[in-house]
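Undergrad: With the hints as constraints, model all of the structure from the sequences given.
Chains as they are written, first to last, in our numbering: chain A, 821 to 1150; chain U, 821 to 1150; chain Y, 821 to 1150.
Hints in this document: simulated from the structure, not taken from any laboratory. Please note that a few of the clues may not be correct.
If chains are identical, the list can't say which one is meant, so a pair holds when it fits in one copy or spans any two.
BS3-like mimics (lysine-lysine), calculated; alpha carbons at most 30 Å apart, straight line [to be verified]:
1. Lys982 - Lys868
2. Lys897 - Lys950
3. Lys1081 - Lys989
4. Lys1081 - Lys950
5. Lys868 - Lys897
6. Lys1023 - Lys989
7. Lys982 - Lys1082
Since the model is a prediction, treat every value here as computed from it, not as a measurement.
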Amino acid sequence: MTHANIQLDENGHLKHFLSIYGLDRGLLLSILDHARSFAGVGDRAVKKVPLLRGKTIVNLFFEPSTRTRTTFELAAKRLSADVLNINISTSATKKGESLFDTLQTLEAMHCDMFVVRHANSGAAHFIAGKVAPHISVINGGDGRHSHPTQAMLDMFTIQQHKPDFTRLKVAIVGDILHSRVARSEIHALATLGAEEIRVIGPKTLIPTDIEAMGPRVFHNLEQGLEDVDVVIMLRLQNERMCSALLPSEHEYFHLYGLTEKKLANARADAIVMHPGPINRGIEIDSSVADGRQSVILQQVSHGIAVRMAVMAMTMGSLADTPTLESRDEV
Amino acid sequence: MTHANIQLDENGHLKHFLSIYGLDRGLLLSILDHARSFAGVGDRAVKKVPLLRGKTIVNLFFEPSTRTRTTFELAAKRLSADVLNINISTSATKKGESLFDTLQTLEAMHCDMFVVRHANSGAAHFIAGKVAPHISVINGGDGRHSHPTQAMLDMFTIQQHKPDFTRLKVAIVGDILHSRVARSEIHALATLGAEEIRVIGPKTLIPTDIEAMGPRVFHNLEQGLEDVDVVIMLRLQNERMCSALLPSEHEYFHLYGLTEKKLANARADAIVMHPGPINRGIEIDSSVADGRQSVILQQVSHGIAVRMAVMAMTMGSLADTPTLESRDEV
Amino acid sequence: MTHANIQLDENGHLKHFLSIYGLDRGLLLSILDHARSFAGVGDRAVKKVPLLRGKTIVNLFFEPSTRTRTTFELAAKRLSADVLNINISTSATKKGESLFDTLQTLEAMHCDMFVVRHANSGAAHFIAGKVAPHISVINGGDGRHSHPTQAMLDMFTIQQHKPDFTRLKVAIVGDILHSRVARSEIHALATLGAEEIRVIGPKTLIPTDIEAMGPRVFHNLEQGLEDVDVVIMLRLQNERMCSALLPSEHEYFHLYGLTEKKLANARADAIVMHPGPINRGIEIDSSVADGRQSVILQQVSHGIAVRMAVMAMTMGSLADTPTLESRDEV
Chain A
821 MTHANIQLDE NGHLKHFLSI YGLDRGLLLS ILDHARSFAG VGDRAVKKVP
871 LLRGKTIVNL FFEPSTRTRT TFELAAKRLS ADVLNINIST SATKKGESLF
921 DTLQTLEAMH CDMFVVRHAN SGAAHFIAGK VAPHISVING GDGRHSHPTQ
971 AMLDMFTIQQ HKPDFTRLKV AIVGDILHSR VARSEIHALA TLGAEEIRVI
1021 GPKTLIPTDI EAMGPRVFHN LEQGLEDVDV VIMLRLQNER MCSALLPSEH
1071 EYFHLYGLTE KKLANARADA IVMHPGPINR GIEIDSSVAD GRQSVILQQV
1121 SHGIAVRMAV MAMTMGSLAD TPTLESRDEV
Chain U
821 MTHANIQLDE NGHLKHFLSI YGLDRGLLLS ILDHARSFAG VGDRAVKKVP
871 LLRGKTIVNL FFEPSTRTRT TFELAAKRLS ADVLNINIST SATKKGESLF
921 DTLQTLEAMH CDMFVVRHAN SGAAHFIAGK VAPHISVING GDGRHSHPTQ
971 AMLDMFTIQQ HKPDFTRLKV AIVGDILHSR VARSEIHALA TLGAEEIRVI
1021 GPKTLIPTDI EAMGPRVFHN LEQGLEDVDV VIMLRLQNER MCSALLPSEH
1071 EYFHLYGLTE KKLANARADA IVMHPGPINR GIEIDSSVAD GRQSVILQQV
1121 SHGIAVRMAV MAMTMGSLAD TPTLESRDEV
Chain Y
821 MTHANIQLDE NGHLKHFLSI YGLDRGLLLS ILDHARSFAG VGDRAVKKVP
871 LLRGKTIVNL FFEPSTRTRT TFELAAKRLS ADVLNINIST SATKKGESLF
921 DTLQTLEAMH CDMFVVRHAN SGAAHFIAGK VAPHISVING GDGRHSHPTQ
971 AMLDMFTIQQ HKPDFTRLKV AIVGDILHSR VARSEIHALA TLGAEEIRVI
1021 GPKTLIPTDI EAMGPRVFHN LEQGLEDVDV VIMLRLQNER MCSALLPSEH
1071 EYFHLYGLTE KKLANARADA IVMHPGPINR GIEIDSSVAD GRQSVILQQV
1121 SHGIAVRMAV MAMTMGSLAD TPTLESRDEV
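TA: This is the structure we're talking about:
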């Protein structure tokens, strides 16, 4: 069994959602389909469906992230689940309890799902490998490795504007080296058949082996943007600035910050994305972030819908999902 | 459009609740009427009504206040809303996100209401001016400026004991200068037509231009209390003691602390109020705080009802409210 | 009226749950009976019953404990109550509010139940003596005094495996001196008629007057375990190590750590318990903690059921409970 198969149950249904890697096109399209049906819930007067009523979802956060925790908490509540927020760094580990004992304890409390956020790559996989059979694990971001719900909400946002992935050129711009988002997006775009994936950034922030994953590498933003349909800007982690991998913020913006002028190199109907929070004036100019091509706030809305979809799917609360075959005519 | 009009929608209904200033008597009476209907909910076996089911209310606290946060959280839950508690000082701003981006992100998550607490005067107004049309903002206290739900729960408490505001003499005692509560109460009492409003305190703690707002100023507690129907004691912020604005706590209590003896100057049926938390033995003697004229705990109970009323009204969840005209015969 | 009677209302029903001391066998059996009916809720698809819908339960924690707070929060949510988590050390007391004022304020907000966790012995009793008649108080652990829900979940776990308490030899091992758990368990076992209760530990960690409470004292683990049906290991509080009451951790494990070899002195079908979190390799060997005789994780599951039972009973939400007489034939 490969690293990725742990995500599927014996019938090939999604059991855990840990990484895009290892999931096939049919499954990703299923997630997008279900997300579409949940996207309307946020606009209703009563923004709730009873799918996970009486289930207990634990936000198990080993590194703090108000934004990610908030989106998962909202998604869970809109599915009518009960939510427990547990910040591990400030609780059990103080008393010296091992991670494994913490997990077993939460399982014994009949919790149904762990949303795991951890600074170490592979933490969510590790936990999924340890939990009892009735528990689902969702990766809310692990180290540099993976952030699959972010990738899928980006795919959902792209699909809303450009339904046919096979005709898309997509550029991902910025600190590819440290970005779990970039890694997950490249896998998702490749699986969904994107025509061309590009990564754009300074040499120090692009992994040397990235081309093996498929993308074309550019070190010049203007050239890299030429003719693309989708521009995904990455957040510049401020802490990288100290690590000598980067020149000054000013210099970075000059070379890799997205301005209207540089964006003009892309297709006229290109959309601009960013996972947030935005560093205005560092990786993106405000006129672009707030401009007509920006879909950044749509990404946030779609994040709730995608997380609702993944939560409901892994809990087996949705009817059977279409297979790759039945989807291929789409 | 005046500063205050942002609080009303095009039909003159309450859209945001930011300050008492700018709201007319009819609207304040409406709030009190609705609060009366919610006051019974706390005594029921099932303390919940489904008015805001499926709505998401965000407690957006830029300065900590367990008590205020708790009352808004309870009010929201008793209206069946989902509640998110977000402490901004410890979250997004760490990552350098701007306030505006935080707001837009929460809006994109389809949140319906922000309860804002902020150390800076005007913060809630600023936010109300920026949010999307479907969002309501409630001021949970901003700097020295305004604390309108506190003022309205005080008005509700007064009305329960003394229904006719036009025949009331009300004294507000203590640190008027730094008190957002005092400012809001003066506006509310004036709008509701109180016969006389007095402020009592040391010269250093009373703004020099206060008489322009209407109240009579007293520096002697005994004289100021003479013949009043309502005594509102303010909390002495301990941090003021260090700022050379005040003599010692002992001296303050001697001059401005409310004792039974001093209270005897007021009318025999006068009620004593305090927004809490109480500094026993500093601004008020325990025998008064716990005495027969004290309505301090009633204020707390009414706080939930008033907040439920304001939340339901701003969300448009209540039937149309009586106008000033139809109320005038009351 | 004795210290304990405060726990019962005028009809002898459970009103507060503060300590095992003072409750009779019939009442303890009632708790176990009700817990049994709640134990199944955790296995249902919808893990919720509507018994406390619309009630407000406050977790009033004066010392932090994520695990205990979590179990009470889950129990409350599965009874459909609304839950407020209040960490007192970080809130009201900062502003100098007295405990009594905090309690009165929460009462005025129409809260229905306080779950109290406090570092001082007697805190929950003190609070139960002060609250308004409609409020129930549950002791979530107070100083060295009492931890009655932990004791009852242990009794429930024992009963699942060994239904007849009157034929049981039970050993409690470790730091008896500082353990509120041990104290509550001794009372519960004595009330339920256990044949023999033993305490095992170093002289420095066993109170000199313990035999007056009933138990036999052993300072040798092998001897103390001989022929027992139940072994309850206590958590070694790391902070005791500094206090010169104990030799090194290594030495402690050598003398009082439970290994498979030492456990062989107990009956072959003896069960091993621990309140958690476990210090593996200090008070218990991993092979025992995870071994076939361990029921440690069952204790966690039963903790939710027992807390649901106690919450529902004190709130008067259950039908009348069987009396001691009607139970005696069991």
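Undergrad: Indicate, hint by hint, whether the structure satisfies it.
TA: Quick rundown of the hints versus the structure:
Taking identical chains as interchangeable, the C-alpha atoms of Lys982 and Lys868 lie at most 30 Å apart only when both belong to the same chain, with a minimum of 29 Å there against 43 Å between chains. Within a single copy, Lys897 and Lys950 get their C-alpha atoms as close as 26 Å, and across copies as close as 26 Å, so both meet the 30 Å cut-off. Taking the shortest Cα distances, Lys1081 and Lys989 sit within 30 Å of each other inside one copy (19 Å), while across copies they are farther apart (66 Å). Only between protomers do Lys1081 and Lys950 lie at most 30 Å apart by alpha-carbon distance; the minimum there is 28 Å, versus 51 Å within a single protomer.
Proximity of Lys868 and Lys897 under a CA criterion of 30 Å is satisfied in both settings, with 7 Å inside one chain copy and 15 Å between copies. When the C-alpha separation of Lys1023 and Lys989 is checked against a cutoff of 30 Å, the pair qualifies only within one copy, where the shortest distance is 21 Å, while the shortest distance between copies is 70 Å. Taking identical chains as interchangeable, the C-alpha atoms of Lys982 and Lys1082 lie at most 30 Å apart only when both belong to the same chain, with a minimum of 21 Å there against 68 Å between chains.
Violated hints are absent here; each numbered hint is respected by the structure.
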